[in-house]
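Using the hints, build the complex out of the two chains.
In order, the protein sequences belong to chains A and B.
183 is the number that the working numbering gives to position 183 of the first sequence; each next residue is one higher, with no gaps.
39 is the number that the working numbering gives to position 39 of the second sequence; each next residue is one higher, with no gaps.
To be clear, the hints were calculated from the coordinates, so they are not data collected in a lab.
Just so it is clear, the structure is predicted and the values come from calculations on it, not from any experiment.
Keep in mind that the hints are not guaranteed to be accurate.
[Claimed, not checked] Calculated Cβ distances over 10 Å to all of chain B for the following chain A residues:
1) R34
2) A46
3) A47
4) D112
5) R121
6) R125
7) G143
8) H155
9) D158
10) P178
11) R186
12) R201
13) R222
14) R233
[Said to hold, decoys possible] Reference listing, derived: stretches of chain B covered by chain A, where coverage requires no fewer than 3 residues with Cβ under 8 Å from a Cβ of chain A:
15) 161 to 174
16) 207 to 221
Using N, Cα and C, we set each Cβ at its ideal position, and we do this for glycine too.
As a plain string of letters, each chain reads:
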Amino acid sequence: MIDADRPGPLVLLAEDDAAVSGPLVPLLERSGFRVRLVENGLDALAAAAQPDVELCLFDVLMPGIDGREALRRLRSRGSHVPIVLLTEAGGASERAMALEEGADDYVNKPFDPAELVARMRAVLRRVRPGAPTLAASSVLQAGELRLDRVARRAHLRDRELTLTPRGLLLLDYLLLHPDEVLTRDRLLNVLWGYDFPVGTRAVDNRVAELRKALGDDSGTPRWIETVAGAGYRFLPEVVGQVAR
Amino acid sequence: MSPVGEERAERGAMSPVRRWWPLLAGGLVLVAAAVVWWINTDHRRVYLEFEPALSILVVGALVIAAVVLLQRQSRRSRQREAEAVARVRAEAAAVHRHDRLQLLSRLDHELKNPLTALRLGLAGVTGAEPAAVQTLSDQVDRLSRLTGDLRKLAALESGPLDLVQVDLSQVLAEVVADVGDFDDSVRVELNLPRGPWPLPTVRGDRDLLQAAVMNVVVNAVKFSRPGGLVEVRAREEPGPPHRVVVEIADTGVGIAPDEVELVWQELARGRQAHGRPGTGIGLALVQIVVRRHGGRSFLRSRLGAGTVVTLELPV
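Here chain B stands alone, though its shape is the one from the complex (with noise of 0.2 Å):
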């Protein structure tokens, strides 16, 4: 939204204080009056004694009741004035996440066809190199590989789900077990809770949310010096909001800290990635699919010493 709508969104949100503020004022010197005049007719028969100290406890009383009458008001619209602050915020943001993949996709779209004409073109070469030839081939590989990742994540950000009670713990086992096979020199660990109770399902698309704890867990294998290790840990957090958590934490490189916000976004990649493979949008995959389940995502992390990244899943 334009920062015109942000500040009438902000106005429209205080002037119930404003509204209120008179007719109380104006409430209470109606009654005030209507006392007096009443007092002050023929209905002197009914005899009341105004003695002072009960007078003075009654116009406290009421002054007290409009205090924290008003006190109650304002807070109620400073609350609701922050509510709508959010609200705001939160469009613009979502506005701009589409507005950005909407970009992505059509980059990858006008891509297409170039790529394709030099990969059929590279098929075609004759009387050249076989080294030259290759090493262009694998060139025209990366470029639809990254356009193929953009592509991904355009999908991911508005496809369907296909929604299940899913088990995570099952498919925590199931990443480790993958994992295994793709590094010896890591060890990678599986820390899952046995009691009082196992962990919750949550609802969910299975495959995405294996996808997603895959990317952090590759990642975490990537960036680990040999020898290191890779604990996959989750439990179960009551809140409200009642939720799972997954900490997938390393001993590896990590990240710098001015780099920490950086990593999560599409084909961004730390300094400490050089030299690595992969395009850069794990991370961003990996936001994406939290979010849409309802989640948050977040990491911590020390250069030199590793980097944990927490995913909550609402149950």
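Excised from the complex, chain A in its bound form (with noise of 0.2 Å):
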């Protein structure tokens, strides 16, 4: 994904520990991104108005105000900007209330470092020019399916779908990352918070119940696919509306 002729894309850090800044921006250039550094919330805010910055990587714990503070004033000022959050990983909670709030994803510290750059990736590959991410937005709508994030609802033409609490979050985070490969040890984490040794299948429990009331056949599916070996991915393309 490295384009000799353009520079990598512009990620602004804000993280106030040196232990982890220290060996985590040379990382991010080996991989091919440029950095800006920030070690406090409100310099965080400023740096990310900046025009040239394309994606933000913001610690939740920091001096000032935290990572998701300045998530909630950047999208309540309208801005678009993919963020992704450096998470303490506490309950499934914590985790639903970042993705409301507009974070495009999340990982959990301490993280694998190749995760992270493929999730970031994975977030500048959907990004649209001038529109909103699909997280900044309330209204997410794929085909005939359409899910109020707001208000927590689900659509499918206009019959409301019943879903558990759970469903509905597999369902928001389906329709944040389509078209990307999601493991069961990933959906396991956003949905519970955390990995049992054993004990996928109660992702393989939640992705059938939205099989069920989408109506998808697991053999040739419209809405989900499952990804032999890997894991799951939403096929249908997905449109944000109305921003926050």
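Written out as structure tokens, the structure is:
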């Protein structure tokens, strides 16, 4: 993905712990990004407004204002800049809130560096210039499927879908990451916040719930595809509407 | 609660007995005095024949009534006292558990950045022996998994539950099917009642209950010898309390008697666990899940023979 003629995407990294930013900046640069570093939330807020910033990477725990507060303020000012949070990995509700508040994705500390880079690239791939990112949208539309992220309600054509809270959370995450192979472990983390030693069966159950609600056939899927040996992928194109 | 608090609760529970004694005695004396006064006044016109036998009968009946009343009072107050002490103990245990998990959470929090820094640092190491770097990476991963497990327990204690009516027969069937792929050398059998009627549903978080059962079954398989058997059974107990009893029994290596309480604690592993994979949070997880569902969990074991873990869930 590194184009020799075009400089790498400019990433704004907001991280106050030098033990982390020390090795992270060179690692991101080796992966083809350019990095601008700030060390507190208020600087992050100011720096994110600069027009050449293409992606923000915010630690949630920072002096000044924390990463999530910076995210909230940016979104409320109408900023569409893609934001990935480096989270504390608390309970499922915290992560759900991070996504609801408009984060494009999150990565738990301690993270696998390769995983972080992959997620950042996936977020950048989905960016449409001038349009809000999916995460910054309050409504997501994929064909006849419509998810109101604020009201937490999903409709297929004009029929409302009855889903469990975790089913809804899974649908939200799938719609935010279309055409991306999502491993069971990652989905397990999104839905429950931790990885069971064995037990990604719980993810399969939730996918089955969504397939049933959408009337999708796992053999010839229209909505959710099983990628053998890897995970799941949401097939249709997703459009974000009604920026917050 | 502090020992002082416990004492106060005990004293408070006892005073009703002491309060009633003098009142009752006083009452009886008053009644007797009233009767004597009534007889000794002009009301002698009303002719009352006091047969000695009748008087003794009446007084005897009064005494018996008084004794019975007092006994019932003291029994009730003893019961109240026991309940108060149990309540105080349960509160103390809950506070202790909460504090312990808060500590584990804080520990996990402090380790996050150093572990991240280590992982990032290792990713940037050049010119070193790949084998050495791999060993370091593996150990950092192991530390990360450990802190992840501790975080998991803290989240389980207080996180929200998705409550639905859960068909445990289905949950157990899925667990047994999944574990089948895990280890071929151990037989896992499922024994569910079909008659006179199937298991009643329980109200709970389906995924957490499934995870809890899965953890116990995986343990049973892990500690079995090749060719061993793991039996997953469930039955309904009318009680009270009306409950479903799930038992996972294995013919594995067993747990030493002095370790039976220990294995329920987070990160604790019995002596037989050496050399087998795992961080030791499985049973702690199970205990938290079952407790949050208002149930109980316990195990019985014999070294060299096997173990049975019992999970009881209220209907």
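Going down the list of hints, with the structure as the test:
no., hint, in the structure
1, R34, "holds (17 Å)"
2, A46, "holds (24 Å)"
3, A47, "holds (21 Å)"
4, D112, "violated (7 Å)"
5, R121, "holds (16 Å)"
6, R125, "holds (22 Å)"
7, G143, "holds (28 Å)"
8, H155, "holds (22 Å)"
9, D158, "holds (27 Å)"
10, P178, "holds (25 Å)"
11, R186, "holds (14 Å)"
12, R201, "violated (5 Å)"
13, R222, "holds (26 Å)"
14, R233, "holds (22 Å)"
15, 161 to 174, "holds (count 3)"
16, 207 to 221, "holds (count 6)"
Hints 4, 12, counting from the list given before, are not met by this structure.
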